[in-house]
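Undergrad: Residues per chain are reported as follows:
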Amino acid sequence: MAIRFTLNDLPVEVEDFDPNTTLLAFLRARGMTGTKEGCAEGECGACAVAWVQRDALGNTRYQPVNACLLLLGSCAGREIVSIEGIARGGELHPVQQAMVDRGGSQCGYCTPGFVVSLFAEYYRPGRTELDPEAIAGNLCRCTGYRPIREVAERMGQPDESDPFRRRLALAPPPLEPVRHGSEAGRFLRPSTLSEALALLAAEPGAVIVAGGTDVVVEVNQRHRRHLGLLSLESVAELTRFEYGADRVRIGAALSLTEVEQHLAGRVPLLEQLFPLFSSRLIRNRATLGGNLMTASPIGDGAPALLALDAEVELVSLGGTRTVPLSELFTGYRRTARKPDEILSAITIPLPLPDVQRFYKVSKRVLDDISTVAAAFSLRLEPSGKVLAARLAYGGVAATPARARDAEAFMVGQIWSRELVLRTQPLLARAFSPIGDHRGSADYRSTMIVRLLEKLWVDSSGGAA
Amino acid sequence: MTSLGKPMAHESALAHVTGSALFTDDLCGRFPGLLHAHPVTAPHAHARVLALDASAALIVPGVLRVLTAADVPGQNQIGPARPDEPLFPTEVMFHGHAVAWVLAESEEAARLGAAAVRVEYQPLPAVLELEAAVGEGSFQTEPLRLSRGSAQAALARAPHRLAGELFVGGQEHFYLETQSAIAHLDEQGRVFVHSSTQHPSETQEVVARVLGAHRHDVTVQCLRMGGAFGGKEVQANAWAAVAALGARLTGRPTRVRLSRAHDTSMTGKRHPFLGRFEVGFDAQGTLLALRMQLFADGGWCLDLSEPILYRALFHADNAYRLPDVELEGRVVRTHKTSMTAFRGFGGPQGMLMIEEVVDRVARTLGLDPCAVRERNFYRDGDTTPYGQEVRDPERMPRIWRELTASSDYADRRQAIADHNLRTPHLKRGLALTPVKFGISFTTAFFNQAGALVLVYADGSVQVNHGGTEMGQGLHTKMLQVASHTLGVPPSSVRMMPTQTDKVPNTSATAASSGADLNGAAIKAACETLRSRLAEVAARELGAPADEVVFDDGRVFARGRPEPALSFSHVAHQAHLQRVPLFATGYYRTPGIHFDRATGTGKPFHYFAYGAAATEVEVDGFTGMYQIRRVDILHDVGDSLSPQVDQGQIEGGFIQGLGWLTLEELVWGADGRLATANASTYKLPGLGECPPIFNVALLERATEPDVVYGSKAVGEPPFMLAISAREALRDAVAAFGSGRPGVVELASPATPEAVFWAIERARGSTA
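Same order as they appear, the protein sequences are chains A and B. Going by our numbering, the letters in the first sequence line up with residues 218 to 681, in that order. Going by our numbering, the letters in the second sequence line up with residues 23 to 788, in that order.
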């Protein structure tokens, strides 16, 4: 089956392709070389393209994504704008003109990616001021960013005749199911959960992919070639969100950007997590479900959700089972998911803990991988007595993990600096982190202990 | 009206923002039948290749040929300084060293073919750590020395002395465009190479050497580079040579493009350095004597390590007078990629070392490092340790005074002290550091350039020169020089891609010298043309030729702007009158020399100056930090193009900030680079750009004897970032007791390094 999509207002049909092909490779092979490869792992943003998407608030918008991590099959039915489609009728787009005027390009290699990110930001519904994250997923090695930041800060508003703005008045294209097969393999994109489960049962070796921000890194960097890819990105049941009386239920295939919009700050710990999790370009595709199922010890979603006592729903043709997140990870990059199961949702019990904090120790503040991530939550009596404590960490063991002895020790005691000092020796014994290029074992061990002290200072308003 | 000295958008800005600017690998689609090359890389840091069997690769569908040493018609040797760099090695010298290349119909087939090549290795002992290599005596060169007076005697006399050492980490260039080349043949089998190279003439020479051809058989073109920073000065040659060899052997166009992981694991970086020093000083912090040893980790082969080390020694004074001094440097061999040129070319490491010394002196005495720095500035009549007179010594103190005032240094110093008293876990730091950077290639013969300017009979102009465009804005400046000199609007001038068949035997675009050298050559060519055209116009205007004015496309007699002729009319008339409308221009930097035997001379045409004040805030729990504010005052002479210069200053600062803070190269015990891509090697991002970032160009700074009074700008601002490192140290010190004493800080000052520095500072409190 051929796939079809719209690229810069022109229809594209692709008959036969390897399902491991990325949009970036496809564009460049077609001679559309404005979209660049800088890293092929979603870190630099030189390959950014934008597509028309309905966001969680119901607005139609241009959403920038990394083409290097976008499987061609995922593009089916989409309406995509690449750098070649931004200037219209021989006129530069306002963001392009501003980049020219302010000296926003030097070597020019990262520039198309920045322009696409700026373009998408220009049309962000309700934009009144710059979201600095709009360009934080793009790396520039020449300018030092100041002129590009000024372009972003001083953007005007699109006028009514702006063709892109007019486009956004209409709904995005619907995403039809995809059943693509070629000699090189299959790309399957069902629309319903039952369809997805049936496909998985029929092809148990298929690799499940949601946003692709991990799976495609492996394709690009480790040259994994999958014969079957099962994309969950448009499974209706997996993209639902509910904020109920006793729990929050987050569809596993919602992008982090969508989750962020749905939550609107109602879960402070996750609100702290989002900007540190990754760049906006990644969060527009990455999902919480995918982040948990990679079971990476350095994924930031897991410690945050562990601190919130989250559970996950695993669905198979035989039914649904609920597993506490703390029991999901069985080893390094291994989970309790059975081969015929799909992670469908993450639930967080309500009410939320009284104290919540997410810390990420990394070299770069934005768009980096954790040396140590810590997510803390406390339920407190009015007296300050600890009813429950969750001290969850990433980057300190083979899986994301909680310091259970320390948690148990804190229960029943008054939340205070003294309690922190008495808990720290237990934290010091909780894990045996390794040293690597992100940080030494000593540093990690010390952070495990010190971050609790930081929690005390931050949550008590800096009292010593 | 001239554009010279006025802000002008990058010459390719329109192409950049629309994605139509072509980089080497963007040309792939223009070559039907293109072959793709993939390296066979060694999994050892040091090993002998015992056998190489390509038969399994040749049966991979799509694989056409496997290139090995036996296929080289010329020399299997690409070393730029000495023959120590075989293109196809029999001895693996670093993890990831390419021992063969596979050519195939697709990238995927080439990769699968490379995986199928069977290579038998005999692993050999490898030395990876710089300090261990020094201990083992693993050196690539004899020591290089600069000295004056007797450091030993002066140290003995000095009222105070201290000794120490500092390891300075390297830096990956991480140009966004990885190394790439495409080669194809003409009907006579001669080679044309599109290469992302800073030095097309050397790429041409190396390709000719490998093919066993004359240089006139090889043409190299560089359209533009997606960043280079020194990383494509000599290290672009290998990929061009492989592509050219592939094209020669198969008759088909051949492409080499390194993936990011290949690029970082196969190409050189900024040299890691180990410095050991002993300094004598008085109670006010005046430097009296310095003895310093610098060990540069050269990696596996010499490359440009020797001139890089010389430049480190030449900058071990930075802006400070060192009465009795003994500097010694040596290039160390380790089993890593060959370290190479990177913005500053050793200067940053030398300068960092003396700034480390000055800070330790100041903190030992309990003095403000800012004051100690100022006290030691060069004065009238001073000379450097290599005997060059410091021209304009008053410029540094002037910059210092102006920046101290404009950055509100004194008030902020107080505000920070107050802030730090109130916040036990969050400390701010502030530091001001100077830069004095020598301009010229220290290898004298490189300091020459040529240009070829063509005026067509319609008045439009093509400018060819030997410099390459890598984002630094060279073509923009050259366009401004040409349009100003010819008196035509910038739109009349077209900058041509750099190509070896236009200007021969060019120098690398490096050492910040691109605009100085090529600008002077273009100016000379344009002046030749202008005086010929003046003769033609003079007859028509009825004025003497030396009174003909060329201004923005209009040609008229001085003092008589009407009637004016158009430039195109004059060009057309000149052609009818058989006046040649093309000219070459040539420039060589006057008066530079250096004697290695005595370690003295005048290696630099002039010095570029600048200073930066940086404020940071550090979290005591984690060592994580933020840059709060940066103020820079920099001397670019009379700027040819202020927006370009500001871009160089800001970009250089942020790149230097990366080197000194986030960018940490880590090799595994097996010699594999563990930080080989953007997920593991962190460049500064938007979040590192200071929220307040004030950059000013020094006023009244005309530089005589340089094109239109300008100064070089590519490298000097990089070292302004040392102020960020010193600000971090200042904040670290604030976690301590406040008693005098050295505050040690590793480099790069990653959050972890800052954290341990804080722990040490706190420890000294107890």
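Derived from the structure by calculation, the hints contain no laboratory data. All C-beta atoms in this analysis are idealised placements derived from N, C-alpha and C, irrespective of residue type, glycine included. Possibly wrong hints are sitting among the right ones.
Facing chain B, a subset of chain A residues (Cβ under 7 Å, in silico) [unchecked claim]:
1. 255
2. 456
3. 458
4. 585
5. 641
6. 654
7. 674
8. 675
9. 676
10. 677
Computed spacing ranges between beta-carbons, pair by pair [what the hints assert, rightly or not]:
11. 367(A) with 763(B): 26 to 34 Å
12. 175(B) with 678(A): 55 to 63 Å
13. 482(A) with 183(B): 46 to 54 Å
14. 692(B) with 615(A): 43 to 51 Å
15. 175(B) with 677(A): 47 to 55 Å
16. 537(A) with 272(B): 40 to 48 Å
17. 782(B) with 677(A): 49 to 57 Å
18. 600(A) with 763(B): 44 to 52 Å
19. 664(B) with 307(A): 39 to 47 Å
If you want a taste of the chain B side facing chain A, the calculated C-beta under 7 Å gives, among others [said to hold, decoys possible]:
20. 39
21. 158
22. 160
23. 161
24. 163
25. 164
26. 447
27. 705
28. 709
Undergrad: State for each hint whether it applies.
TA: Right, here's what the structure says about each hint:
For residue 255(A), the suggested interface contact is upheld, since its CB lies about 5 Å from the closest CB of chain B, less than 7 Å. Using the Cβ-Cβ criterion of 7 Å, the hint placing residue 456(A) at the interface with chain B is not satisfied: the shortest such distance is roughly 27 Å. Hint status for residue 458(A) relative to chain B: violated, with the closest Cβ pair at about 29 Å, above 7 Å. At a threshold of 7 Å, the smallest CB-CB gap from residue 585(A) to chain B is about 6 Å, leaving the interface hint in force.
Checking residue 641(A) against chain B by beta carbon gives a least distance of about 12 Å; that is not within 7 Å, so the hint is violated. The beta carbon of residue 654(A) comes within 4 Å of a beta carbon in chain B, closer than 7 Å, and the hint placing it at the interface holds. The interface hint given for residue 674(A) holds, since its Cβ lies 6 Å from the closest Cβ of chain B, which is under the 7 Å cut-off. With 7 Å as the threshold, the beta carbon of residue 675(A) stays out of range of chain B, its nearest partner Cβ sitting at about 9 Å, so the hint is violated.
Annotation: residue 676(A) was flagged as interfacial toward chain B, and the flag is violated, the nearest CB pair being 13 Å apart, outside 7 Å. Given hint, residue 677(A) at the interface with chain B, is violated; its Cβ is 12 Å from that chain's nearest Cβ, farther than 7 Å. Checked against the given bound of 26 to 34 Å, the beta carbons of residue 367(A) and residue 763(B), roughly 42 Å apart, lie outside it. As the Cβ distance of residue 175(B) to residue 678(A) is approximately 60 Å, the hint placing it in 55 to 63 Å holds.
As the Cβ distance of residue 482(A) to residue 183(B) is approximately 59 Å, the hint placing it in 46 to 54 Å is violated. One distance hint, 43 to 51 Å for the beta-carbon pair residue 692(B) and residue 615(A), is violated here, with the actual separation near 22 Å. Hint check: residue 175(B) to residue 677(A), Cβ distance near 60 Å, so the stated range 47 to 55 Å is violated. Between residue 537(A) and residue 272(B) the CB atoms are about 59 Å apart, so this pair departs from the stated range of 40 to 48 Å.
For the pair residue 782(B) and residue 677(A), the supplied restraint of 49 to 57 Å is violated, since their beta-carbon distance comes to about 28 Å. Checking the proposed 44 to 52 Å range against residue 600(A) and residue 763(B) shows it holds: the Cβ atoms sit about 45 Å from each other. For the pair residue 664(B) and residue 307(A), the supplied restraint of 39 to 47 Å is violated, since their beta-carbon distance comes to about 29 Å. Hint status for residue 39(B) relative to chain A: holds, with the closest Cβ pair at about 4 Å, below 7 Å.
Because the closest C-beta pair between residue 158(B) and chain A is about 25 Å apart, greater than 7 Å, the hint is violated. At about 24 Å, the closest approach between the beta carbon of residue 160(B) and any beta carbon in chain A exceeds 7 Å, and the interface hint on this residue is violated. Interface restraint check: residue 161(B) against chain A, minimum CB-CB distance 28 Å, threshold 7 Å, status violated. Below 7 Å, beta-carbon pairs count as interface contacts, and residue 163(B) has none with chain A, the closest being about 30 Å; its hint is therefore violated.
Residue-level restraint check for residue 164(B) is violated (minimum Cβ-Cβ distance to chain A is 35 Å; threshold 7 Å). Below 7 Å, beta-carbon pairs count as interface contacts, and residue 447(B) has one with chain A at about 6 Å; its hint therefore holds. Annotation: interface hint on residue 705(B) holds; nearest CB of chain A at approximately 6 Å, less than 7 Å. This hint holds: residue 709(B) has a C-beta 4 Å from the nearest C-beta of chain A, less than the 7 Å allowed.
Violated hints, in rising order: 2, 3, 5, 8, 9, 10, 11, 13, 14, 15, 16, 17, 19, 21, 22, 23, 24, 25; the structure is consistent with all others.
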